[in-house]
Amino acid sequence: AQTVTQSQPEMSVQEAETVTLSCTYDTSESDYYLFWYKQPPSRQMILVIRQEAYKQQNATENRFSVNFQKAAKSFSLKISDSQLGDAAMYFCAYRRRYGNKLVFGAGTILRVKS
Amino acid sequence: NAGVTQTPKFQVLKTGQSMTLQCAQDMNHNSMYWYRQDPGMGLRLIYYSASEGTTDKGEVPNGYNVSRLNKREFSLRLESAAPSQTSVYFCASSAPTGGDYTDTQYFGPGTRLTVL
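Keeping their order, the protein sequence lines are chains C and U. Taking this note's numbering, the leading residue of the first sequence gets 362, the next gets one more, and so forth. Taking this note's numbering, the leading residue of the second sequence gets 9, the next gets one more, and so forth.
Hints were generated in silico from the structure; no laboratory data involved. Some hints here could point you the wrong way.
[Stated by the list, open to error] Derived pair list, reagent style DSSO-like, types lysine-lysine, alpha-carbon separation capped at 27 Å:
| id | chain 1 | residue 1 | chain 2 | residue 2 |
| --- | --- | --- | --- | --- |
| 1 | U | K79 | U | K22 |
| 2 | C | K431 | C | K416 |
| 3 | U | K17 | C | K462 |
| 4 | C | K439 | C | K462 |
| 5 | C | K474 | C | K462 |
| 6 | U | K79 | U | K65 |
| 7 | C | K462 | U | K79 |
| 8 | U | K65 | C | K462 |
| 9 | C | K462 | C | K416 |
[What the hints assert, rightly or not] Here are some of the chain U residues that sit facing chain C, going by a computed Cβ distance under 10 Å:
| id | residue |
| --- | --- |
| 10 | Q45 |
| 11 | K79 |
| 12 | F115 |
| 13 | L121 |
| 14 | T122 |
| 15 | V123 |
All figures in this text were calculated on a predicted structure; none of them were measured in a lab. No residue lacks a Cβ here, since even glycine has one placed at the ideal position from N, Cα and C.
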């Protein structure tokens, strides 16, 4: 069974600085997708970024980028120029390519200091 | 276009009571899902429905039943609520894109359920 591990229960970053959230996963599959979801205090789950395992290029969405290391089964999220609105719980998630079940990590709380 | 909606937003039950959580999506998605979120454990899949007329168990199905009423609606029923079912419940939907299921799951706002 696939598992996703987020080893940082909580992180803090100063406004305008950069922070990296860690995620590792375990799978025997070679084709899969990885996701980062953001959950602000409103509880709404919001997709931040998605990475296809068969693509070597790291995904980027504005201030958000990932460092995907397939051999190491690592998928970290970098947030640049952090803003107060980035404060939230962040979840890493995995899905087999030909499947529709998401497996989530336990989450990392990100606090942004002004 | 409301996306994924869930009712109710909050609910308190006594042990042994039953209730149904409702979920609807207006994005014409084929697949729908129910998750529960507990502190320190992320979201765990309870049941999912890959398409209208089909349902499958997820990681934690015990104590729950589901009904895919039509393409839009997917309900989750607790027949005899237990304190261990106190959680936040999320419904999600997705549609396969192209031929390799590169779908993204879109989530509802969640239901906070407390079982006393």
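Verification of the supplied hints:
1. Restraint check for K79 (chain U) and K22 (chain U): not satisfied, since their Cα atoms lie roughly 32 Å apart, outside the 27 Å limit.
2. Using a Cα cut-off of 27 Å, the hinted pair K431 (chain C) and K416 (chain C) holds, with the two alpha carbons roughly 10 Å apart.
3. Simply put, K17 (chain U) and K462 (chain C) have alpha-carbon atoms about 24 Å apart, close enough for the 27 Å limit, and the pair holds.
4. Only pairs whose Cα atoms come within 27 Å are accepted, and K439 (chain C) paired with K462 (chain C) is accepted, the gap being roughly 25 Å.
5. Proposed proximity of K474 (chain C) and K462 (chain C) is contradicted: the alpha carbons are some 35 Å apart, above 27 Å.
6. A threshold of 27 Å between alpha carbons decides the hint, and for K79 (chain U) with K65 (chain U) the separation of about 18 Å falls inside it, so the pair holds.
7. With a C-alpha separation of about 18 Å, the suggested pair K462 (chain C) and K79 (chain U) falls inside the 27 Å cut-off, and the hint holds.
8. Pair hint K65 (chain U) plus K462 (chain C) holds up; C-alpha atoms about 11 Å apart against a cutoff of 27 Å.
9. Restraint check for K462 (chain C) and K416 (chain C): satisfied, since their Cα atoms lie roughly 21 Å apart, inside the 27 Å limit.
10. Given hint, Q45 (chain U) at the interface with chain C, holds; its Cβ is 9 Å from that chain's nearest Cβ, closer than 10 Å.
11. At its closest, the beta carbon of K79 (chain U) sits 15 Å from a beta carbon of chain C; the interface hint therefore is violated under the 10 Å criterion.
12. Because the smallest distance between the Cβ of F115 (chain U) and any Cβ of chain C comes to about 4 Å, under 10 Å, the interface hint for this residue holds.
13. Restraint check, L121 (chain U) versus chain C: the minimum CB separation of about 13 Å is more than 10 Å; hint violated.
14. The closest approach between the C-beta of T122 (chain U) and any C-beta of chain C is roughly 15 Å, which is over the 10 Å cut-off, so the hint fails.
15. The closest approach between the C-beta of V123 (chain U) and any C-beta of chain C is roughly 19 Å, which is over the 10 Å cut-off, so the hint fails.
Checked against the numbered hints above, the structure violates hints 1, 5, 11, 13, 14, 15; every other hint is satisfied.
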